[in-house]
Amino acid sequence: MNISRTEFANCKTLIKHKEEVEEVEKKMEIEIRRGPWTVEEDMKLVSYISLHGEGRWNSLSRSAGLNRTGKSCRLRWLNYLRPDIRRGDISLQEQFIILELHSRWGNRWSKIAQHLPGRTDNEIKNYWRTRVQKHAKLLKCDVNSKQFKDTIKHLWMPRLVERIASTQNVTFKPNHYSPENSSVATATSSTSSSESMASSFYGGDQVEYGTLDPNGGNWFNGGDAFETLWSFDELNKWLLQ
DNA sequence: AACAGTCCCAACCGCGAATGA
DNA sequence: CTCATTCGCGGTTGGGACTGT
Numbered sequence: 001m002n003i004s005r006t007e008f009a010n011c012k013t014l015i016k017h018k019e020e021v022e023e024v025e026k027k028m029e030i031e032i033r034r035g036p037w038t039v040e041e042d043m044k045l046v047s048y049i050s051l052h053g054e055g056r057w058n059s060l061s062r063s064a065g066l067n068r069t070g071k072s073c074r075l076r077w078l079n080y081l082r083p084d085i086r087r088g089d090i091s092l093q094e095q096f097i098i099l100e101l102h103s104r105w106g107n108r109w110s111k112i113a114q115h116l117p118g119r120t121d122n123e124i125k126n127y128w129r130t131r132v133q134k135h136a137k138l139l140k141c142d143v144n145s146k147q148f149k150d151t152i153k154h155l156w157m158p159r160l161v162e163r164i165a166s167t168q169n170v171t172f173k174p175n176h177y178s179p180e181n182s183s184v185a186t187a188t189s190s191t192s193s194s195e196s197m198a199s200s201f202y203g204g205d206q207v208e209y210g211t212l213d214p215n216g217g218n219w220f221n222g223g224d225a226f227e228t229l230w231s232f233d234e235l236n237k238w239l240l241q
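For the first sequence, the UniProt record's numbering assigns the number 1 to the initial residue and increments by one for each residue that follows.
One should not assume that every hint holds.
What the hints assert, rightly or not - List of simulated lysine-lysine pairs, DSSO-like, C-alpha gap at most 27 Å:
#: 1; residue 1: Lys-140; residue 2: Lys-125
#: 2; residue 1: Lys-146; residue 2: Lys-111
#: 3; residue 1: Lys-137; residue 2: Lys-153
Worth flagging that the hints you see were computed from the coordinates, not collected in a lab.
Sequences are here, hints too, so could you generate the full structure?
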C-alpha cells in the first residue's frame, strides 16, 4: 500500500487522538458509581425530577450531577424514590391478586404490578421468588408444574379468601380478579373449582376488590404471611391426595 | 458470644423493543 | 432503510439482616 509522508502523519495524529479519547472514556467509566445509593444522591435525583420531570435518563443523570448510569437512576426512582411507592408487607388481598394474575400471565411482573398500585414489578418479583418459589422448593415440585399450580388454585387461594374474610369480619368476594373490568367482580360467573371453593365463603356483606385504591380503607392493611395459612404437613397431605 | 446457614431485597446485567437521526 | 441510542422488562446476584445452633 502506497501512502505519502503527510498521510502517514495524519493517520498517526488520528490514532493518537483516538487513544486519548479512549483513555478519557475509560476514566469516565471508572467514575461511574455503582452499588447502594447515598442520601445525597437520592436528594439530587428527587430534586431534579421534581423540577424537570422524569425520562431521558442518561441526560437526566448528567444534568443532575449524578455519576450513575441512566438505567441506575431510572431503577432507583421507580423502585424506591417515587412518592407513590407503597412500603411494607404484601397484604392478603395483594397476595391473592398476585397469585391470580400470575396464573394468567406468568412472569409478567410489570403487567401484574400495574394492578397493584404502589407496588413495583421488582417487589412482586421478589415476593414470588422468596415466598412462592420457596414453597415449591419445600414441596419438591417445580414452580411451573401442574401440581404446584393446582395447589395454588385449589388450596392456597381459597385459604386466602377465607383469611381475608375473617380478618375483615365480612365476606370477601374474590371472584376472578378482572383487570379488564376492574370496577366490579362478580361471583356468579365462576366455573372453576378454585372459584367454587372460594365461593363457599360468600354471603352477607361483600367486599369488592375490583377498585384498587391505596387509600381505600383496609384493603391493603395487614401483611399476613401466607405461611400462616397452613402447616407444611397439611400442605403435603393435600398434595398426596 | 460466635459462627453458619438462610432469607430478603436493592441493585445490576443482558437483551429485545421502541424511538429518533 | 439503517444505525445508534434509550427504555423497559425479566433474570440474577451481593450482601446485610435475621435465625438457629
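Need the list of violated hint numbers for this structure, in ascending order. none
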